[in-house]
Amino acid sequence: MPSEKDRLYVALYARGGMPKMPGLEDTLRRAVKTDIPRYHWALVVGPKKESRNNIGSVFNAKERLTIAGDPPALRSVWEYEERDAAAGTTSMLLVRVLVAKVRDVRRLRDIFEATPLRPDTHGWNCVAWVREALVAAMDDGRALGTCARDWKSVRNTAMWYIRVKKAVHRFDGSVSFDPDKVATWNMLERSEIEP
Numbered sequence: 001m002p003s004e005k006d007r008l009y010v011a012l013y014a015r016g017g018m019p020k021m022p023g024l025e026d027t028l029r030r031a032v033k034t035d036i037p038r039y040h041w042a043l044v045v046g047p048k049k050e051s052r053n054n055i056g057s058v059f060n061a062k063e064r065l066t067i068a069g070d071p072p073a074l075r076s077v078w079e080y081e082e083r084d085a086a087a088g089t090t091s092m093l094l095v096r097v098l099v100a101k102v103r104d105v106r107r108l109r110d111i112f113e114a115t116p117l118r119p120d121t122h123g124w125n126c127v128a129w130v131r132e133a134l135v136a137a138m139d140d141g142r143a144l145g146t147c148a149r150d151w152k153s154v155r156n157t158a159m160w161y162i163r164v165k166k167a168v169h170r171f172d173g174s175v176s177f178d179p180d181k182v183a184t185w186n187m188l189e190r191s192e193i194e195p
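Taking my numbering, I'd label the letters of the sequence shown as residues 1 to 195.
There could be a bad hint or two in this list.
Said to hold, decoys possible - Computed spacing ranges between beta-carbons, pair by pair:
{"hint": "1", "residue 1": "Y80", "residue 2": "E192", "range": "29 to 35 Å"}
{"hint": "2", "residue 1": "D70", "residue 2": "D180", "range": "44 to 50 Å"}
{"hint": "3", "residue 1": "N156", "residue 2": "R107", "range": "22 to 28 Å"}
{"hint": "4", "residue 1": "L188", "residue 2": "R163", "range": "19 to 25 Å"}
{"hint": "5", "residue 1": "N186", "residue 2": "A136", "range": "18 to 24 Å"}
{"hint": "6", "residue 1": "P195", "residue 2": "P72", "range": "47 to 53 Å"}
{"hint": "7", "residue 1": "P47", "residue 2": "R15", "range": "32 to 38 Å"}
{"hint": "8", "residue 1": "G69", "residue 2": "K181", "range": "40 to 46 Å"}
{"hint": "9", "residue 1": "D104", "residue 2": "I193", "range": "22 to 28 Å"}
{"hint": "10", "residue 1": "P72", "residue 2": "D178", "range": "44 to 50 Å"}
{"hint": "11", "residue 1": "I67", "residue 2": "D139", "range": "27 to 33 Å"}
{"hint": "12", "residue 1": "R149", "residue 2": "P195", "range": "22 to 28 Å"}
Calculated directly from the structure, the hints in this document are not laboratory data.
Even for Gly, the Cβ is constructed at its ideal location relative to N, Cα and C.
Let the hints inform the model, and build the full structure from the sequences given.
Below you can see the structure in the form of structure tokens.
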């Protein structure tokens, strides 16, 4: 009997600004130029069978700017965010990589909520949060069923897949794709779900 468990994805969203990570996890290209889009990484839980009416959940560490202090100054603040989202695409969601079947979504949510924010750690960002949250879920043994074997393979697959989609012009508008569907790679079966 096929599994109807929710699925866990690593999702890469478009965002502006300059790349910061030495492995370029936050860029579209290897060359460092001022016009390079950056990626925001998040974890997404959604149903196995998607439709326009399905609602999934996005989990991420999100940076925002605020004015605080005396004298007032602009500063960066990191926050944990969990929000509902349509199971399909959003205008900023570039690709998803299916990394696990969810066995216990409540337990998974607890793991994500308990994953600390580390803004005082040099180089810490949304990718570091996704890595720590995903590794904690993988190591837990009860939140996830079948899952990717390690963070390095997840990271490498996500970076490979975003390069493949860029090479076929998925994001630049020169080739037609269904805007209601997000490019999705299934790590568990090593196959593309949605081009």
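Against the structure, the hints:
1. Y80 - E192: 29 to 35 Å: Roughly 31 Å apart at Cβ, these two residues keep to the hinted range, so it holds.
2. D70 - D180: 44 to 50 Å: Holds, since D70 and D180 (Cβ atoms, about 48 Å apart) stay within the stated range.
3. N156 - R107: 22 to 28 Å: At roughly 27 Å between Cβ atoms, R107 and N156 fall inside 22 to 28 Å, so the hint holds.
4. L188 - R163: 19 to 25 Å: Given range 19 to 25 Å: holds, Cβ gap about 21 Å.
5. N186 - A136: 18 to 24 Å: holds (22 Å)
6. P195 - P72: 47 to 53 Å: Once the Cβ atoms are compared, 48 Å apart, the range 47 to 53 Å for P72 and P195 holds.
7. P47 - R15: 32 to 38 Å: violated (26 Å)
8. G69 - K181: 40 to 46 Å: holds (45 Å)
9. D104 - I193: 22 to 28 Å: holds (23 Å)
10. P72 - D178: 44 to 50 Å: holds (46 Å)
11. I67 - D139: 27 to 33 Å: Distance hint for I67, D139 is violated at roughly 39 Å.
12. R149 - P195: 22 to 28 Å: holds (25 Å)
Checked against the numbered hints given earlier, the structure breaks hints 7, 11 and satisfies all the rest.
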